[in-house]
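Modelling step: build the complete structure from the supplied sequences, incorporating the hints.
From first to last, the protein sequence lines are chains S and L. In this text, residue positions in the first sequence follow the working numbering: the first is 1, and each later residue adds one. In this text, residue positions in the second sequence follow the working numbering: the first is 340, and each later residue adds one.
Hints listed in this document are in silico derivations from the structure and should not be mistaken for laboratory results. Using N, Cα and C, we set each Cβ at its ideal position, and we do this for glycine too. Just so you know, not all the hints are guaranteed correct.
Label pairs and their calculated CB-CB ranges [unchecked claim]: (1) Val858(L) with Gln79(S): 47 to 53 angstroms; (2) Glu834(L) with Leu164(S): 56 to 62 angstroms; (3) Asp51(S) with Ser426(L): 36 to 42 angstroms; (4) Leu330(S) with Glu531(L): 49 to 55 angstroms; (5) Gly449(L) with Leu194(S): 33 to 39 angstroms; (6) Leu164(S) with Ser872(L): 27 to 33 angstroms; (7) Ser146(S) with Thr690(L): 46 to 52 angstroms; (8) Ala539(L) with Gly80(S): 18 to 24 angstroms; (9) Ile31(S) with Arg615(L): 42 to 48 angstroms; (10) Val184(S) with Pro613(L): 51 to 57 angstroms; (11) Arg57(S) with Asp535(L): 20 to 26 angstroms; (12) Val184(S) with Gly659(L): 40 to 46 angstroms; (13) Pro613(L) with Leu136(S): 34 to 40 angstroms.
In case you want the letters, here they are:
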Amino acid sequence: MPGRRHAIRGAGLLVSVALTVLGLLLVTFLIGRVVPIDPVIAVVGDRVSADTYARVRQELGLDLPLWQQFLRYVGDVLQGDFGTSVLTSRPVLEDILRVFPATLELATAALVVGVLLGIPAGVMAAVHRGRWPDHLIRVIGLIGHSIPIFWLGLMALLVFYARLDWAPGPGRVDVFYEGLVDPVTGIITADALLAGESDVFWNALHHLVLPAGILGLYSVAYIARMTRSFMLDQLRQEYITTARVKGMSEARVIWRHALGNIAVPLTTVVALSYASLLEGSVLTETVFAWPGLGLYITNSLLSADMNAVLGGTLVVGAVFIGLNLLSDLLYRLLDPRAR
Amino acid sequence: MNTLARRLAGAALLSAGLSFGLAATPVLADTPKDTLVMAWQFDDIVTLDPGEIFELSGAEYGAQVYDRLIRFDVNDVSKIHGQVAESWTVSDDGKTFTFTIRDGITFHSGNPLTAEDVAYSLQRAVKMNKGPAFILTQFGLTPENVDQKVRATNPRTLVFETDKTYAPTFVLYCLTADVSGVVDSKLVKSKEVNGDFGAAFLKANSAGSGPFVLRQWKASELLSLEANANYWGGAPAVKRVLIRHIAEPATQRLLLEKGDVDVARNLKPEQFEPLRGNDKIRIVQAPKGTLYYFGLNQKNEVLAKPDVRKAFKYAVDYDGMAKTIMNGLGTVHQAFLPKGFLGALEENPYTYDPAKAKELLKQAGYPDGITVTMDVRNTSPSMDMAQAIQGSAAAAGIKINLLPADGKQVVTKYRARNHEALLYQWGADYQDPNTNADTFAANPDNADDAKAKPLSWRNAWDIPELTKKTAAAVEERDTAKRAAMYQELQREVLETSPFVIMFQQTEVIAERSNVEGLVWGPSFDSNYYWKVSKK
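Printed below as a string of structure tokens:
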């Protein structure tokens with residue numbers, strides 16, 4: 001009964017996702033409690049009166065035993081209540097909904113760069129294995145992967161913004177365009193199009209090029225490397241030889257047959273690098289004053305705003321789990337053997 | 340997948356074309372003349388409600404949007420002048436202050452500003468009892484009695500009563516603080532939800548009468564102000580002020596050099612030093628009310644010896660640090676009242692003298708020197724200072740082991756009195772000398788479970804005599820005498836305390852040279868944008 005098998009497998013998947021999420025909750029919760037920072041001080045500041053201190057401590061539930069605090073925390077989170085951020089004094093969930101689209105926009109643009117450059121580069125490297133294109137691509141990949149993105153970002157600003165004037169400065173739009181379009185999706189390019197503000201759209205796109213390029217370079221290295229090794233695997237196969245013997249053009253052999261066959265594992269690679277772009281944008285966001293999730297978590301961490309840190313961590317974790325799940329499902333969908 | 344290659348090629352072409360197209364479009368440089376654009380780290384702002392603001396950046400915001408009853412002169416702090424108040428009198432017993440409110444002031448909403456609004460604003464702050472409320476409640480005001488003690492007797496007269504006789508300057512300086520910002524009582528009352536005094540509304544909206552109106556605030560992102568064209572003191576010359584949160588100082592510098600911002604607020608020496616030769620940029624330095632110091636825990640029997648305490652004061656290379664790591668960030672200042680306060684002592688009796696420090700340690704019974712740990716927050720310039728002290732103290736026979744940690748972590752340890760030495764900073768809460776005397780020179784109860792935890796308590800420095808003197812200074816009605824009392828207190832603290840106060844913080848502001856009229860006062864709530872203009 002294939003239907004039943006699917007149901008069991010689906011249930012198993014759900015349980016494993018639920019357990020992963022619970023584990024994530026426990027770890028983030030414990031980290032929040034282990035740091036030697038008085039959470040009351042984080043909320044009310046250092047110069048608070050003794051009465052207020054005691055009141056806030058009770059309000060935060062810090063007088064309860066640890067396991068009760070955890071249960072309370074899980075209960076709140078399940079109801080969508082991540083608590084209130086100390087820093088912005090607004091519900092953490094609201095904050096995250098506000099900042100996450102910025103990160104999504106940046107990471108998606110970076111992924112586009114990563115895929116458009118990474119896959120062809122990987123293919124080229126595999127085809128010209130051991131010759132100069134392969135070495136060149138490896139060096140570029142090495143640079144993208146090993147130079148601190150923080151430094152790279154500042155240098156890119158210095159060269160393309162300050163010296164050459166090709167790119168606009170940090171931020172999502174020029175400061176004068178700020179607040180001109182109402183946030184509907186929170187993705188400013190999309191919002192500008194929805195509002196029919198083409199000026200804002202082009203400005204926002206302008207602003208996206210440099211940070212997305214820098215961040216994308218980071219994933220180019222990974223995608224190109226993986227593509228190269230998948231392709232090498234394929235090019236060794238007999239069907240490739242057969243195709244060549246049949247007189248098929250080399251381009252067709254490589255781009256259609258070999259690349260077509262690695263589409264499935266590549267999906268996983270792309271999904272994983274998307275996840276790592278979403279969480280790895282912290283430093284890019286700092287350099288480019290990009291008000292996204294990474295910047296939000298960093299700010300919160302620096303001011304010991306634990307609700308916000310935990311909420312942000314949970315979202316990143318959930319996205320990671322979600323993308324993994326998605327690539328799993330895609331894998332099954334695309335690869336007949338996995339069905 | 341047979342179209343994948345074609346799609347890829349197409350997309351690659353498209354993206355290449357797009358980026359060339361973008362590159363060819365010139366980028367807008369220079370900000371418009373009617374707009375002031377500022378890059379600033381304002382992520383400490385948690386609220387825009389004057390009854391709740393207790394952060395430096397928030398205080399600066401309040402000063403642009405709200406008028407206060409009275410203010411002090413930024414160039415001569417000893418002069419207090421009326422703002423919303425036209426004049427005031429103090430009763431013979433010193434307990435009743437009567438203010439006459441200026442006629443003809445209107446709020447941004449168009450409502451006239453009356454004594455009722457002032458009374459409501461002060462009552463509201465006391466009843467909400469948030470961070471800054473103690474600045475008012477220290478005069479015996481409580482949520483129960485404030486309606487009687489602070490009241491409007493007619494639309495132009497406000498009466499403010501204290502529980503005891505205090506130095507009038509103490510009361511007046513406290514009323515210059517942000518917490519006395521006047522809110523539009525009609526508007527705020529109309530926004531009240533569940534008896535919150537409109538707090539939910541004022542957190543992110545403005546209801547003031549000042550030169551600027553809040554247009555938009557996005558936490559850690561953007562703060563946008565619009566000029567109040569009907570400001571009673573005269574409309575600002577610019578139409579709007581846009582403040583952008585830029586976390587990275589190097590990015591701030593790029594924006595400033597490029598002319599995309601007019602003012603950069605958080606440059607470090609490595610960013611602003613190279614700009615000094617740039618004729619398009621002006622570097623302004625304003626001393627602020629924050630002191631950098633380290634404290635020695637008196638629970639530690641070695642550190643409790645007077646000669647050891649004094650040895651530390653000779654073990655710091657004040658001038659060396661001032662010329663290097665503190666260059667532009669602070670000036671040597673050893674007394675507990677910063678420059679800009681009534682009675683501030685500008686003597687710096689200690690210099691780096693390792694031989695003398697060794698001699699003092701020998702007298703205390705440690706001819707071979709001592710070893711201590713020092714807690715320090717892991718940010719600049721605290722870390723740099725701690726390392727410099729470690730170096731200079733080693734030559735003076737004091738071996739220091741540094742324990743760097745996050746700021747909140749250091750404070751947690753400090754409040755538990757678990758440190759040996761601890762380097763931190765202290766910022767004044769309001770512009771009266773009592774704000775610092777009360778923490779460096781008063782410790783009403785040295786018990787572990789004491790209610791008040793001033794810096795003296797945190798270092799377990801038990802000082803009943805000084806505590807009495809500090810209390811007396813707050814009640815002295817003769818201003819000259821009062822100033823002299825604080826000078827005496829400062830000298831005593833310099834001589835005997837477990838505090839090694841080293842520097843007074845300087846705020847460094849980098850402005851484009853076409854910007855004029857920004858006022859950088861001795862506190863963040865006396866930084867004013869009102870008169871700013873751009874050539």
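Against the structure, the hints come out as follows:
| no. | hint | result |
| --- | --- | --- |
| 1 | Val858(L) with Gln79(S): 47 to 53 angstroms | 49 angstroms, holds |
| 2 | Glu834(L) with Leu164(S): 56 to 62 angstroms | 60 angstroms, holds |
| 3 | Asp51(S) with Ser426(L): 36 to 42 angstroms | 37 angstroms, holds |
| 4 | Leu330(S) with Glu531(L): 49 to 55 angstroms | 53 angstroms, holds |
| 5 | Gly449(L) with Leu194(S): 33 to 39 angstroms | 35 angstroms, holds |
| 6 | Leu164(S) with Ser872(L): 27 to 33 angstroms | 32 angstroms, holds |
| 7 | Ser146(S) with Thr690(L): 46 to 52 angstroms | 48 angstroms, holds |
| 8 | Ala539(L) with Gly80(S): 18 to 24 angstroms | 20 angstroms, holds |
| 9 | Ile31(S) with Arg615(L): 42 to 48 angstroms | 44 angstroms, holds |
| 10 | Val184(S) with Pro613(L): 51 to 57 angstroms | 43 angstroms, violated |
| 11 | Arg57(S) with Asp535(L): 20 to 26 angstroms | 22 angstroms, holds |
| 12 | Val184(S) with Gly659(L): 40 to 46 angstroms | 57 angstroms, violated |
| 13 | Pro613(L) with Leu136(S): 34 to 40 angstroms | 36 angstroms, holds |
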